[in-house]
Amino acid sequence: MKKLFVTVALFLCVNAWAAPMETFEFESEAQEKTFRKLSDELRCLVCQNQSIADSNAGLAEDLRAEIYGMLQAGKNEEEIKEFMVDRYGDYVLYEPPFEPMTWLLWFGPMLIFIIGIFYARRFIAQQNASDVSDELSSEDIERIKSLQSELNFPDQNKNSENNDMKGDGK
Amino acid sequence: MTEIKQNSKSMTQRFMPLIIFGLLVVLLGVGLTLNPRLVPSPLIGKPAPAFELPYLDQEGMFNSEDLKGKITLLNVWASWCYACRQEHEVVKQLAKSGMNIIGFNYKDKKQDALRWLAQLGNPYQVVVADENGRAAIDWGVYGAPETFLIDKQGIIRHKVIGPVSDQQNFDELMAVVKEISGQ
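Chains V and B supply the protein sequences, listed in that same order. Quick note: the first sequence uses numbering that gives the first Met the number 0, first residue 0, plus one each step. Quick note: the second sequence uses numbering that gives the first Met the number 0, first residue 0, plus one each step.
I should point out that these hints are in silico values taken from the structure, not numbers from a laboratory. No experiment lies behind these values; they were computed from the predicted model shown. Only true hints are included.
Cβ pair distances, simulated, as ranges:
#1 62(B) x 31(V): 34 to 40 Å
#2 20(B) x 117(V): 18 to 24 Å
#3 97(B) x 45(V): 33 to 39 Å
#4 29(B) x 99(V): 19 to 25 Å
#5 107(V) x 130(B): 41 to 47 Å
#6 108(V) x 15(B): 19 to 25 Å
#7 62(B) x 78(V): 23 to 29 Å
#8 29(B) x 50(V): 23 to 29 Å
Which chain B residues face chain V? A few, computed with CB under 10 Å, are given here:
#9 41
#10 42
#11 106
#12 136
#13 140
All residues carry an ideal CB built from backbone N, CA and C; glycine is no exception.
Chain V on its own, in the form it takes in the complex:
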């Protein structure tokens, strides 16, 4: 029982450490929501695979305080994002902006998907086409007939067997 208690206590303590949130007091729930959204959407530039909300880095801490201060001063979400982009560039946004420079980024996956579908369809169509052209040309039939007579097989016109024999005959 004591062991269990210690384990749970340790687990809780790790959790508290992993989420570096200072205690900010918000005027409203909406404001707190905006704060959480922004700090989740902005990249910490020091540890680049973490958001400002997740990072323990000094800069992330400063930027959280900055966001909080701006919210308190009545700035809205767009204004705060603009503030960050003006200073750190688009890179600070996890979701890149939609502009000519990033069209490939936004449309690329869709483009690859469409190309994939195009090729898949062509491939299937080719498969179907090769099924249809099982019919032999008169030249082939002549050749089969001569082979059959050479090997003394009875004359058969079923395509599948003809194909088999053609294979064996080689």
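Fit chain B to the known structure of chain V by using the hints.
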């Protein structure tokens, strides 16, 4: 005849995965050689952000208005920053060659910063202290060392991320210095 044609077609088809693989290798190879730490600054070509900060080593405040009139380097450093120590000799040489350099002490303790300068030498015209890092946010600073080149009109013309002692960083910086010195 038809057989040959089909064969050649299946040859390209057979090599298609290899070709795609090759292209991917090139693409990912280029991606690997890029340095994700180098985030281009949106501030280049824009006026230097205004700030008023206390001097590190004397009483009073420094106003960024005083940056205007001469080509200036603003060198962001801290005593906790290892690469700042590495680049310091080069910063000193730059100062000796007549470059106007302002030290921007970033998120540092006053005693540590002063000791650091006493130990390694102080090449700066002035040193300002941004203890809480608030002014640095306006400059888009995300680490140290960083060095900004500001022209006579007070426009940021270049930013070095990392030590200026790095040969490539140094050459790039000098190229811009040369370019704007003529103006």
